[in-house]
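Sequences and hints are given; from them, build the entire structure.
These protein sequence lines are chains U and G, in that order.
For the first sequence, numbering that gives the first Met the number 0 assigns the number 0 to the initial residue and increments by one for each residue that follows.
For the second sequence, numbering that gives the first Met the number 0 assigns the number 0 to the initial residue and increments by one for each residue that follows.
Among the hints, a few may not be true.
Listed next, the stretches of chain U that the computed footprint assigns to chain G, with coverage defined by at least 3 CB atoms under 8 Å from CB atoms of chain G [unchecked claim]:
1) 25 to 31
2) 48 to 58
3) 68 to 80
4) 84 to 92
5) 98 to 112
6) 123 to 132
By construction, these hints were calculated from the structure, which means they are not laboratory data.
Using N, Cα and C, we set each Cβ at its ideal position, and we do this for glycine too.
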Amino acid sequence: MTQDRAPRRLPVVACLVAALMLAIAPMPDWASPFRPDWVALTLIYWAMMLPRTYSIGTAWIVGIVLDVAQGTLLGQHAIALCFVAYIAVKFHLQFRVFPVSQMSATVFALLAFYQFILFWVNGVAGVNVPAVTYWGPVITGAMIWPLLALVFGGVRYRARS
Amino acid sequence: MLTARTDNQHRSQRTPALGLRLLLFAGLSILILVIDHRENYLDAVHRAIDVAVHPLRVVVDAPVAMWRLIGETGADRNELRLENSRLRAERLLTHARLQRYSALEAENARLRAMLEARTRVREEVRVAGIMSVSANPFRHDLVIDKGQNDGVYDGQAMVDAEGVVGQVIETGLFSAQAVLISDPDHALPVEINRNGLRTIAVGTGEFDRLDLPFLPNNADVSQGDLLVTSGLGGAFPAGYPVAIVDNVTRVPQEPFAAVSARPAAKLNQIREIMLIWSIADEDDPEPPE
Numbered sequence: 000m001t002q003d004r005a006p007r008r009l010p011v012v013a014c015l016v017a018a019l020m021l022a023i024a025p026m027p028d029w030a031s032p033f034r035p036d037w038v039a040l041t042l043i044y045w046a047m048m049l050p051r052t053y054s055i056g057t058a059w060i061v062g063i064v065l066d067v068a069q070g071t072l073l074g075q076h077a078i079a080l081c082f083v084a085y086i087a088v089k090f091h092l093q094f095r096v097f098p099v100s101q102m103s104a105t106v107f108a109l110l111a112f113y114q115f116i117l118f119w120v121n122g123v124a125g126v127n128v129p130a131v132t133y134w135g136p137v138i139t140g141a142m143i144w145p146l147l148a149l150v151f152g153g154v155r156y157r158a159r160s
Numbered sequence: 000m001l002t003a004r005t006d007n008q009h010r011s012q013r014t015p016a017l018g019l020r021l022l023l024f025a026g027l028s029i030l031i032l033v034i035d036h037r038e039n040y041l042d043a044v045h046r047a048i049d050v051a052v053h054p055l056r057v058v059v060d061a062p063v064a065m066w067r068l069i070g071e072t073g074a075d076r077n078e079l080r081l082e083n084s085r086l087r088a089e090r091l092l093t094h095a096r097l098q099r100y101s102a103l104e105a106e107n108a109r110l111r112a113m114l115e116a117r118t119r120v121r122e123e124v125r126v127a128g129i130m131s132v133s134a135n136p137f138r139h140d141l142v143i144d145k146g147q148n149d150g151v152y153d154g155q156a157m158v159d160a161e162g163v164v165g166q167v168i169e170t171g172l173f174s175a176q177a178v179l180i181s182d183p184d185h186a187l188p189v190e191i192n193r194n195g196l197r198t199i200a201v202g203t204g205e206f207d208r209l210d211l212p213f214l215p216n217n218a219d220v221s222q223g224d225l226l227v228t229s230g231l232g233g234a235f236p237a238g239y240p241v242a243i244v245d246n247v248t249r250v251p252q253e254p255f256a257a258v259s260a261r262p263a264a265k266l267n268q269i270r271e272i273m274l275i276w277s278i279a280d281e282d283d284p285e286p287p288e
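Structure, rendered in structure tokens:
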């Protein structure tokens with residue numbers, strides 16, 4: 000069992016690290032409101048595909064690291080990612096058989112939920128952000144999902160063989 | 000699909016644990032959020048994780064830094080010559096201005112001594128680069144490549160060659176995050192250089208505009224006035240240029256005039272900033288060397 004799972008970890012961790020790097024990568028000013036939530040997308044995929052290995056605990060750790068990397072309130076992304084991972088794991092059997100378009104819509108809903116939690120934490124903490132800026136990442140995230148799923152599918156296939 | 004089947008078998012056992020785990024981690028997050036928002040017990044944790052994150056920042060910054068380096072080494076000779084002569088001219092100008100500065104400083108010291116004003120502030124300035132790393136999506140901010148190791152502290156003021164840029168809000172060991180004066184949550188005590196009228200400049204979320212919301216309708220402010228830091232509030236040393244008033248609208252029935260100003264520093268195109276250390280000499284009028 001452990002032998003079966005051990006080699007699988009590295010590629011997934013690499014995906015998460017890459018997502019973290021993309022989350023802090025420089026972008027031109029006009030494009031940064033549309034930066035997809037790379038970390039959330041990556042976590043949704045792996046929580047859905049390998050729910051026993053990557054679920055809420057992973058989400059929390061990655062969230063805390065993301066909070067430090069972006070300098071947001073410690074725990075803000077962590078709590079949002081926990082809820083998203085919970086839904087992804089809870090319904091992973093349904094999600095896996097969804098066709099791409101339906102999955103994109105699901106991802107849209109998950110990301111909207113994710114942004115809502117961030118929005119809520121910002122509101123409670125008194126961080127002043129115009130509400131429109133929360134929608135950009137949701138839309139681009141849902142649009143980029145099919146491509147991302149393809150890439151991760153390749154990673155998963157190679158990691159197993 | 001092997002994983003699907005094994006997951007299926009374990010599903011009934013796993014599902015209740017999942018809810019419990021969510022409760023646990025969400026609770027932990029809320030606890031951390033509250034502590035981080037109110038107190039600073041978690042600074043050590045913050046720093047420790049920040050050290051782990053730093054390599055990621057360096058890797059992300061590397062391509063841009065490399066590109067700049069290539070640009071510099073491959074620069075046209077003609078271009079370099081032009082830049083060189085421009086810099087020479089600039090240096091001559093600044094030197095000419097500085098000649099009077101030391102005389103003025105001496106005069107200022109004498110006058111202060113006459114007034115028996117005790118607090119004198121010396122300032123030390125060091126240059127820091129800006130890492131090409133975008134940070135907090137909810138703020139106007141930037142990441143600088145100096146941190147606690149270089150003596151950077153939370154709340155430290157940053158300026159560039161033109162004027163005030165912002166202040167440090169989160170200090171890591173090797174890098175620090177700073178908020179720009181254009182952030183909507185940032186307010187800066189300023190005074191109008193012409194007449195010493197004090198007010199507050201608030202960020203708007205746009206790089207080229209600050210608002211001065213607390214000036215009454217009859218305040219003596221006009222287009223083109225230079226705003227400098229007033230030194231009140233303590234975060235910023237006095238006398239640095241902040242912005243130039245570019246629009247004053249007085250509506251008779253409103254209590255306050257709508258005044259906006261353009262920041263002196265070009266906030267969205269800076270590559271280097273200067274960090275300011277204020278050293279107060281409380282009781283000795285002469286700086287101890």
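Quick rundown of the hints versus the structure:
1. 25 to 31: Holds, because 4 residues of the region 25 to 31 of chain U bring their Cβ atoms closer than 8 Å to Cβ atoms of chain G.
2. 48 to 58: The restraint on the region 48 to 58 of chain U holds, since 8 of its residues have a Cβ under 8 Å from chain G and three suffice.
3. 68 to 80: holds (count 10)
4. 84 to 92: holds (count 5)
5. 98 to 112: Violated, because only 0 residues of the region 98 to 112 of chain U bring their Cβ atoms closer than 8 Å to Cβ atoms of chain G.
6. 123 to 132: holds (count 6)
In summary, the structure is inconsistent with hint 5 from the numbered list given earlier, while agreeing with all the others.
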